[in-house]
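With the hints as a guide, bring the two chains together.
Chains A and B are the protein sequences, given in the same order. Residue numbers for the first sequence follow UniProt numbering, so the first one is 1 and each next one is one higher. Residue numbers for the second sequence follow UniProt numbering, so the first one is 1 and each next one is one higher.
A hint or two may mislead.
Unchecked claim - Ranges between beta-carbon positions, derived for each pair: (1) Cys-39/B x Lys-418/A: 34 to 42 Å; (2) Cys-51/B x Glu-219/A: 58 to 66 Å; (3) Gly-444/A x Glu-94/B: 42 to 50 Å; (4) Glu-220/A x Leu-540/B: 48 to 56 Å; (5) Thr-221/A x Pro-336/B: 24 to 32 Å; (6) Pro-50/B x Gln-404/A: 39 to 47 Å; (7) Lys-16/B x Lys-76/A: 32 to 40 Å; (8) Lys-418/A x Glu-94/B: 45 to 53 Å; (9) Gln-72/B x Glu-523/A: 41 to 49 Å; (10) Leu-540/B x Ser-558/A: 58 to 66 Å; (11) Asn-120/A x Lys-326/B: 22 to 30 Å; (12) Glu-523/A x Lys-326/B: 55 to 63 Å.
As the list claims (entries may be wrong) - 27 Å max Cα-Cα, derived DSS-like pairs, lysine-lysine: (13) Lys-459/A x Lys-52/B; (14) Lys-459/A x Lys-57/B; (15) Lys-522/A x Lys-16/B; (16) Lys-459/A x Lys-417/A.
No lab work stands behind these hints: they were computed from the structure. The C-beta atom is built at its ideal place from N, Cα and C for all residues, glycine as well.
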Amino acid sequence: MASNSSSSSAQQRLRIIAGHLQKRPEDEHASVAAQECKAETPRSNPSSAAPVPKRRQEIMKWNGWGYSDSRFLFNKKGQAEFTGKRYRLSGLILPSLKDWFEGTFGANLQHKSPATPTVNLSAVAPPNLNEPFIEDLKAAGVAASHDPEDRVFRAHGHCLHEIFALREGRIGRVPDMVVWPSCHSDVEKIVELACKHNVCLIPYGGGTSVSSALECPHEETRSIVSLDTSQMNRILWIDEKNLTAHVEAGIIGQDLERQLNEHGYCTGHEPDSMEFSSLGGWVATRASGMKKNIYGNIEDLVVHIKMVTPRGVIEKSCLGPRMSTGPDIHHFILGSEGTLGVVTEVTMKIRPIPEYQKYGSVVFPNFQQGVACLREVARQRCAPASIRLMDNEQFQFGHALKPQVSSIFMSFLDGLKKFYITKFKGFDPHHLCVATLLFEGDRGKVLQHEKQVYDIAAKFGGLAAGEDNGQRGYMLTFVIAYLRDLGMDYYVIGESFETSVPWDRVLDLCRNVKERIVRECKERGVQFPPLSTCRVTQTYDAGACVYFYFAFNYRGLSDPVHVYEQVEHAAREEILANGGSLSHHHGVVFAFTHQLKEGVSVPVNENSMSTVQFTEQPHG
Amino acid sequence: MASRALYSPRHPMLKKRDDFEDILEERRRSSDLRYALRCYTPTLYRGLVPCKASMLKSIVLQSDHLQYVIKQVSSESGESTEGVSEEASLILDEMAHCLQLSTIRFFAFTLSKAFKRLFRSVCVNEEGIQRLQQAVQEHPVVLLPSHRSYMDFLMMSYLLYTYDLPLPVIAAGMDFMSMKFVGEMLRMSGAFFIRRSFGGDKLYWAVFSEYVKTMLRNGYAPIEFFLEGTRSRTCKSLTPKTGLLNIVMEPFFKGELFDVNLVPVSISYERILEESLYARELLGIPKPKESTSGLLKARRVLSEDYGSMYVYFGHPVSVRSLAEGKINRSQYNLLPRYIPQKPSADTHEFLSDAAFRLVRIQEENMVLKPWVLIATLLLQNPDGLDLSSLAEQTDWLRHLALAFGAFLDWPDHEACSEVVSCSLALHRHLLSVSAGHVQLSVTDVPQVETTPEEAVFHQAVVVLSCASYRNQILHVFLRPALLAMAMQSANSNRKDDVYNGFNFLRKVFSNEFILCPGDSVQDFEEACYLLMKRGVLQVLEHEIVMSASGHSTLAFLSSVLDPFLQGYQVVCRYLCEETNENLTEKEFIPAVRSFALKLILAGRLKCYEALSSDLQKNALAAFLRLKAVRKVKVGDQVTLKVNKVAVNSLEDILGGKIPTQKPILARL
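Next up, chain B with everything else stripped away, as it sits in the complex (with noise of 0.2 Å):
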């Protein structure tokens, strides 16, 4: 049953959230001493086998697993069992944690501090943390938050020791490490550092593996990863990772646990310390190492407002039912436990479907502030908008949006046009606004001369902040848009055909956004009737029609996704005209933005967007995927083999100029 919850979007407007409840309120009542150094008495896994950290160590050096592995390095790589064992040790120091109640205390009140600087309140709901609490007892937990800023992770630890839950410990990039101090403060907190790729080394995964799994059979602490891999620069959620969800769950498939529960968090902000450095990020600014003088200097940050924080505990899901009859737990029956093995391929596909699904979840209890709808409007309007149709569209907009099934947290006694300009002073140095006339805009401009260049990254990362909003809301009009999409460039009103488009766009664009392997028919079908039920479509046995009234929300909708195509085309016409034979891997997002950069100068290209990095990133994964481009290893560098033809008729799709079709899907 629990997994008929997980898998059926079908009806958006039932879907019932929990309150939030702001958590500083009565921080800025009560002393924040006092609450850092409370009585802390979390509520325990009902099967924890009690262990301290140094001990852990132990048990993880000598299982079983850890042990075959070592063994069998050693007889491979000629090096005795002892120099092998030695390594693994040196692995697990570097990886391990050693969290430290004195340490959490200490982020306690600190954080308390810094918490009520930035934000006007942090939000939770506080139905999730008691389901959390049961989950806690029941089976070993697995947190899953969002991740789109260094914040969340401070946060979640934060949360649990705020509500008494226990503190979960964390898998974090090395990079992290690197920072005197503060990493090793992390690491007493509960963080433990993974190397951000270890591909063939086959020790280091074992000990990782075993690390892991060890903690999660004792019940020593809740696991928490970030599905995503990583931060996301970009505000949509980026497409999940398999790697750690496989360690997680492997203890259930070979029935070490009975279950394990996974426990998805959205967090949401109203707005994102990291804002600008992303889309300086994104535009090829490189992103500055981690370091701690880094973030002293980052104090400045303290002085700004945020707005609120939103943070939605979703419903635990439990791997066994997830798995149920997906997942043929004999399978394992026939090899011993600690002799290392792949995935099947069924078990990848389990893990992949699962890890989109709880992506979605995360997406779907995501709060969305009116800003967010703003920035949609003024994204689509660089122009600008009188403050009186800006309020009026927000309106419109959001209606749709709540019928689509947005979590939309729209303060309830205000007038819309109250509303806008709150959430336009928030957001007021991404804007300018004169005599009632909004429009995104550098507002800090600097004194010196600007060469034109330099003008359009200005321009630019206002929109790619303003963007990194929209994208928020981005999974709530996708699958809506895709197939408004469609049907421009479709032909007929067929279904056959707009179906065809449909799932083109779809495959075209599963890097860019959250679209489940396989679900292509069942997001069509959500679609169609959501548009249905909003009465811009009529869909018939075999022919889907455009309602009268429903043409402004059709070009809104594809409208929306219209700066991802611009970006997509941009891309194609590069490849097309601009490579040579040895484009090497590394030199194509520069070349690419170079490119991009060159058209918004001639004026040719209006889209700020193709200057993303992300973009580019991806729809080069699109085009390696689509088999229009592939990677020839030459000595040790990559290079990218385009085919032109193949590029070309995808370019020549997604502009409109021919309609999709079988014949030409199949010759990608």
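Next up, chain A with everything else stripped away, as it sits in the complex (with noise of 0.2 Å):
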């Protein structure tokens, strides 16, 4: 569907990256990819353009996910939006979105719980600086800030607590400094100064972390400055020979993207946080991208890694493609989550974009039909780029966020696919579940491909739903962080966590994981059911990663974040005990060190982070 045309090369190339950029055909409905809204803004040499600028606030929310011309909001007819003009959303409304919201969290648009609207600046305390230090910096010609606003927006990551806080206008410990590196080399200086002059340092990329892992420590009496990489965004050079590029850690997902869109490649390495999240931070988290089935995670997909320890720089002495020497230091840095040093350049596999894609969906009668037929697909290795199972909840859930039809017909048409499956077909509306998927490839395979899996799909009772379901269910997941925001206008505050668990308990896991949340809930005096659920959204040979879904209403709750987090560990411990890992790809280092003895069971140790710790933040 996308290149149809057969104009000349040229023109069918520059078509194909800008399909790619908005992951879906041009002509076709809402999409959620910000790339296009980057594509719109004019830049006359990109690729040293800074997208992220120093100041991010000028561009970002201070007290929330995104772009500051992004939210959903209710509006005075009490419909719901979506503002600006990023998204393939924005502008729209969304007319189901009240109704299941309001009936899912027993929320009520009279009872709002609005945000501090601007930052106290007042409320952040002076800096601790080390003069020192900030002398021998400016000396190196590092850029560097103590101005508050720049502080704070470095002092959290998207945590619920840390949102929660800022909402209410908390302000607590807040780096005593920003610096930011234009290189390599900069990073060394700046650890060397940070060694000598007894400063700790934090690391800081797309600011996306949800482990806490920005978070400054309470009790450090030393100056803390932020190390951001947002101006280390270059690609540095791409090898066509060997398909690799060499690319500064700072860069950002959607502009790394972009940029190798120009010469034609990719990295194929989407995490849903793309449009924020660094490099640098992919690497540190061991992060998995939507799309691994054909590209792989982080992990599969970084062929050399340089880091900056304070002990000096790491770094393998070759691009070859697998070594056996061991233990492969690329284990120790990926999911380190900054403790051992700063990552500043990596070099990644690419590929040539490919030539179509395309989205689809099925549903099933009832989720264990999902997952079997999710499981035989793994089973023949036929995964395509992505493949997800939503539980009837999320598929609901997708449902509200359908944007107003503009015509009758439209309506009609959804009328009687609906009609068609509950009635004609006999699937339950509150047992159906949806899978979505996205094809990739060339043309002729995609095909190919798209008919085995659906063949898959209808031994599994599987019906064939249609590419626009496909692509609702991937929007969900670009804009559920904003979803969060507008949530939390209205007493509902709810977070995401993900596991990977063996293929035979992804049933148990899921059904005792939400039933447990539930359950926790009502002991806890939730007055309202919560919003629990879950997907699976990546599948492996040997097992799936799960992602769930827990919201709820606090009105009535004296501590709601308690409660939230009181309840978020009962789930991993849940996880844990139905053979579940700690996590897929979030990372967990600082929040969740208690639960990772038992995740991992003997040698990782409390004492062994700490000094891993140590190690990064010297004299520690």
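Below, the structure is given as structure tokens:
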């Protein structure tokens, strides 16, 4: 659908690029990919321009997710809409969101819990500056600031408790200073000086951490310096012979992809946070991308890493694709969450942009059948670029995000579809669930692949349900963080967490964890049943990754964040008891050290964590 | 929180129990036939996977677990997998129930008739039923009734039918199946049959456990089994078995179920149908094999009055909350779940602990009738009592029992003497009443000449029957009684000494009574607390002092356990004096029995309870546990080797000749 026209090859290629940017055909309905907005921004020399300014506050929210101009709100008529122009959903009315929201959470548009509108800069403690360090830094020519706004921006990630506190105007310990290295050697200098002057460094990439890794330790007496890598955002070289690119670690996912696209390549690494998260962050948290079935997870994509530690630079001496000399130093670095050093440059595999992309979806009568189908797909190793199975609650959630239909014909068609599935095929609307699919590759193979997957689905009672539903499923993951901010305006808080688990335990784990959440909420005095939903979001040979959303209405609770944390703790405990891992891709070091002990068994303990940190925070 | 409630028997007076409702009242007023044919729409488990009994079999046979074991067995034995599968299928056929509503309706009709003849009332706590209704919907349910009579499971199914609850499937002993026709009837009413022993048979175990788990996982029906394993012939609760408990908990441990609700049910009888049957059995007159004709002969039973029957459905106990902090479920993560895994040491401990707690809940919810108090007093006074003093003492005992938290069903507005005479009337066949004097005695004296031995046995039947009523209240007095005995035998008032004595007695009697392993300190404190509250004792920091007014209570309490003490001493004496080198395990009981009989005939022993095989078995188990006796396998016979020094000193301590001291304990 994307490239039917057969004009000149250059034109075609441009179109492909554009198509990939939007991750969908140009002429279709709502999409969420933010790239297209970026593409609209006029930029003469994109590869040298800094897409994320030093003053992040110019384009980003200080107490919520994403761009300042993009947010959900209920307008005067009580209809939900998404503001701004950046997303396909932007400016659209979502007529069913209100009912879903009120029905699911027992929330009410009359009961608002608005956030503090602006940063109260007087609440920011004056910086504890280390003058000799600043002087040496100045001499080395590294950009720095101790402007309170800059500092507040880098004092948090996107954990619920962090955002909740900001919304209430509570500001805890913030970094005393922000530095912006512009290249690897800047980082070397900064780390060296930090060691010399006994300063504590916290690396900062995209600021999307959900593991409290950016939180400044309260008991820290040294000057804390936030090392913002956002200005290290260049692609240093592209090697078309070996299909690799050498990139500075501060680059943001969408910029990396766009710049590579200009050369006809992509990395294919698309974590849900790719609009804002950085390459260095991916390495530090062992990130996983939506299309890992084709491109692999970050550990498969990385060829070479350069990391600055207090004891010098760590890197391999070659770009060989595999080495038998072990242990592999990459395995120390990947998932170290900034505790060992600062990742500065990464050599990554790249691929030519795929010729063709197609969304799809399958409706299953129930979750069990859906999981069985995904298992079979994994067994036959024919998973498309992405395959995700949403449970019934999440399906309904996704449905609530359907934009207003423009014509009567469309709404009639929707009604017809619904009738066909629920009445003719006998699917129970309270049990059915949907798998969303994304195929990628050359056109012929994609179509063949598509048929294979739909054939398997049919064996498990699955009905093809169109591209539209598939696309909306992926949209959900991009806007969910914006939706959380909307919820927080109306006494609803929520968060997501994920796990990986062997195939035979997937169903039991999903059921038990969801039920545990419901039960714990009830026991802790949450007045309304929470939203407790999951999706199987990645498939592997030996298991799957399961992603949970959990949100509840906190009216009547005195300390909602504490309740939230207790419930999440219980849910993770349940995950571990059911044979799941502590995390598939979010990272955990700071938030869950106590549970890591259970999750990993003997060698990792809080002690070893603190010694590791010690290397990064010298004289700690 | 639920688990806390389970673990705190702290303030027995505060224990709130539900009220009862008589279900026979309705039955006496309306048509049994209509009742049997009424519309039955039970509340169902919300996660129910609907399936038929026949489908159940194929699910079990095709389960990964069973397939794995079949392959394993076949490769070990060299038999073909088809052969082993066939065998598994036969085992399942022999085992499986085939619950049919029509059979239940048949039972509903006939049992209504029977119950109305047998019982004055059948009382059920309806709040318990409501709780069960709730529990059934939320999670799969396991019903754990106490087991005193054959009536138990018939009554359970009858009640669940009456209250529109899902009918249970019941684990029953294989011996029922051999009863022609009746076995099949029971099967059709939901019983499934398990062999009494199948220790090493992997395949049998696999089929059995998978069968139970499948029903549980699918929410097919509530599973019902008896923790005690068999009917208690003495009306004391038996040491619980953990095998089936493990099976029903495993789906939770392995994450296959979010939770399982265990519902302890206490069934008590004012008069037990099998009363004299049990006594005879305990005295070695062998149990008649279950047979249909035997059952028909028991028809005579129908013409008697058995008073009231009580069924108390306890609070559902969530396995999840029981296991919280005790079971690390991730231990099941590293092995595929279909591979059978022996429970770890932790799990074992947890299971046994849970089983004991559940049996204690059963005990606590067991309704006690005034007759239980009277029986206790009559046993302590073999020469009988005047009616007036019996009434007076019963009243005193009633208050003591209530203070200790007994669940006593005492008629509200009746004079004590009235209540006593009512009770005596119901149990007249165990008594002789003449000129205001009551005594336990043989009433229907056989006309033919009897030998002295026979006379002893006749009297023993009466005593043991009566003891089975006293035994029902033992759990109330047990801990204070152990304390009372310990105080008697201790040579000082020091708390340590008393505790040592208490702990020793607790150890000796832990096969006899339900004493949770590891709870000795808690039990000791509970005993102190109860007696202190009664004003019997003063517990100081290092000493325990008897109050001036406490003598009678202490005397009463220690004589409650006296028969057991004497019985154990008899066993000790037998082991020291009479045994030869080659005493086999099989000969043990008859030999002790004739030894005790000799002592009684010689007038050296007054305690008829020493003749009870149950007591003798428990004593042997205790001595084995304390390593005073050990088992040696010679050929295919098990012989008992007695450490006479150890047994001797045990006897001395029990007889109060030497106080309990640490070193002696250590030597044991």
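Just tell me: holds or violated, for the beta carbon distance of Lys-418/A and Glu-94/B against 45 to 53 Å? Given a distance of about 51 Å, which is inside 45 to 53 Å, the answer is holds.
Hint check for Glu-94/B and Gly-444/A - Cβ pair distance inside 42 to 50 Å: 59 Å, violated
So if I understand the rule, the pair passes when the alpha-carbon distance is 27 Å or less; does Lys-459/A with Lys-417/A pass? With a Cα-Cα distance of about 21 Å, the restraint between Lys-459/A and Lys-417/A holds, given a limit of 27 Å.
Decide if the proposed pair is consistent with the structure: Lys-459/A and Lys-57/B, CA atoms, cutoff 27 Å inclusive. 25 Å, holds
Falls inside 58 to 66 Å, the C-beta gap from Leu-540/B to Ser-558/A? 45 Å, violated
Hint check for Pro-336/B and Thr-221/A - Cβ pair distance inside 24 to 32 Å: About 51 Å separates the Cβ atoms of Thr-221/A and Pro-336/B, which means 24 to 32 Å is violated.
That 39 to 47 Å hint for Pro-50/B and Gln-404/A (C-beta), does it hold up? About 41 Å separates the Cβ atoms of Pro-50/B and Gln-404/A, which means 39 to 47 Å holds.
CB of Asn-120/A to CB of Lys-326/B, is that within 22 to 30 Å? For Lys-326/B against Asn-120/A, whose Cβ atoms are near 49 Å apart, the range 22 to 30 Å is violated.
Lying within 58 to 66 Å: is that true of the beta-carbon distance Cys-51/B to Glu-219/A? The hint (58 to 66 Å, Cβ to Cβ) holds, given that Cys-51/B and Glu-219/A are roughly 59 Å apart.
Status of the given 48 to 56 Å range, CB of Leu-540/B versus CB of Glu-220/A: 54 Å, holds
Between Gln-72/B and Glu-523/A, does the C-beta distance stay in 41 to 49 Å? 43 Å, holds
Do the alpha carbons of Lys-459/A and Lys-52/B lie within 27 Å of each other, as the hint requires? 24 Å, holds
The structure fails hints 3, 5, 7, 10, 11, 12 (numbered hints given earlier, in ascending order).
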